[in-house]
Amino acid sequence: TAADALAVARPGKLACELLRELVAGVYTVRDEDMYRGLAQLLDLESVAVEPSCATVMMGPAALYVHATSWLEGSGPMEGRGIPGREEAERLLQEGIHLMWMTGGRLVPDSERQRYNTLGLELLKPNASLQELLEGMNIDKAPKQKQ
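Quick note: the sequence shown uses this note's numbering, first residue 16, plus one each step.
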C-alpha cells in the first residue's frame with residue numbers, strides 16, 4: 016500500500032494506551048478508495064495530501080454504511096464503542112466531522128501526480144488498480160529508501 020504512514024502490523028503500546036478512551040472503533044480502507052479520495056480532494060478542494068491522509072474522509076462513509084445497515088451492527092466498523100443505528104444516524108446528521116490531514120507538502124510532485132492520476136483513473140467505471148499499476152509499470156507501493 017502507498018499508505019505507508021498507516022501500514023503497521025501492530026500499533027505501538029503507547030499509542031494504544033493513549034487512544035483507548037478516545038477511539039470508539041476502527042475501519043479499513045481499500046487502496047482503490049484511498050486513491051479516489053485523494054484525487055477528489057485535490058480536484059474539489061485543491062488540497063494535496065499523502066495517500067494515508069486521504070483515508071480519513073472514509074470515516075463518515077463507514078459510519079453511514081453502519082447506520083444504514085439492515086442488520087444492527089453489520090456495518091464495516093468494529094470496536095467497543097460503536098454506536099447503535101439510531102445514534103449513528105444522529106451523529107451523521109448532527110455531528111461535527113473533523114478530518115485531520117497532514118503531509119501533502121512532503122510528497123514529491125512526480126509522486127503526487129502519479130497518485131492523482133491513479134485516483135482519477137479509478138473514478139472511471141470498471142477501473143482496476145492492478146491493471147493501472149501494471150500499465151504505468153510501477154509497484155503498488157513506492158520504493159523504500161535503503
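Just so you know, not all the hints are guaranteed correct.
Derived CB-CB ranges, DEER-like [what the hints assert, rightly or not]:
{"no.": "1", "residue 1": "Q128", "residue 2": "Y79", "range": "14 to 20 Å"}
{"no.": "2", "residue 1": "A30", "residue 2": "Q55", "range": "38 to 44 Å"}
{"no.": "3", "residue 1": "E104", "residue 2": "K28", "range": "18 to 24 Å"}
{"no.": "4", "residue 1": "R45", "residue 2": "G110", "range": "22 to 28 Å"}
{"no.": "5", "residue 1": "G119", "residue 2": "A76", "range": "18 to 24 Å"}
{"no.": "6", "residue 1": "R105", "residue 2": "L34", "range": "35 to 41 Å"}
{"no.": "7", "residue 1": "R35", "residue 2": "L59", "range": "20 to 26 Å"}
{"no.": "8", "residue 1": "Y79", "residue 2": "L59", "range": "27 to 33 Å"}
{"no.": "9", "residue 1": "L37", "residue 2": "E149", "range": "25 to 31 Å"}
{"no.": "10", "residue 1": "E32", "residue 2": "E101", "range": "16 to 22 Å"}
{"no.": "11", "residue 1": "L138", "residue 2": "K28", "range": "35 to 41 Å"}
{"no.": "12", "residue 1": "M151", "residue 2": "A30", "range": "33 to 39 Å"}
{"no.": "13", "residue 1": "S143", "residue 2": "E104", "range": "17 to 23 Å"}
{"no.": "14", "residue 1": "G99", "residue 2": "Q55", "range": "28 to 34 Å"}
Straight line, CA to CA, 20 Å or less: simulated DMTMM-like cross-link-like pairs of lysine to aspartate or glutamate [what the hints assert, rightly or not]:
{"no.": "15", "residue 1": "K28", "residue 2": "E149"}
{"no.": "16", "residue 1": "K139", "residue 2": "D124"}
{"no.": "17", "residue 1": "K139", "residue 2": "E36"}
{"no.": "18", "residue 1": "K139", "residue 2": "E32"}
{"no.": "19", "residue 1": "K139", "residue 2": "E47"}
Everything labelled a hint here was simulated from the structure, so no lab data went into it.
Every residue gets a Cβ at the ideal spot worked out from N, C-alpha and C, and that includes glycine.
Hints, verified against the model:
no.	hint	result
1	Q128 / Y79: 14 to 20 Å	violated (31 Å)
2	A30 / Q55: 38 to 44 Å	violated (29 Å)
3	E104 / K28: 18 to 24 Å	violated (35 Å)
4	R45 / G110: 22 to 28 Å	holds (24 Å)
5	G119 / A76: 18 to 24 Å	holds (21 Å)
6	R105 / L34: 35 to 41 Å	violated (23 Å)
7	R35 / L59: 20 to 26 Å	violated (35 Å)
8	Y79 / L59: 27 to 33 Å	violated (19 Å)
9	L37 / E149: 25 to 31 Å	violated (41 Å)
10	E32 / E101: 16 to 22 Å	violated (31 Å)
11	L138 / K28: 35 to 41 Å	holds (39 Å)
12	M151 / A30: 33 to 39 Å	holds (34 Å)
13	S143 / E104: 17 to 23 Å	violated (34 Å)
14	G99 / Q55: 28 to 34 Å	holds (30 Å)
15	K28 / E149	violated (38 Å)
16	K139 / D124	violated (23 Å)
17	K139 / E36	violated (40 Å)
18	K139 / E32	violated (41 Å)
19	K139 / E47	holds (12 Å)
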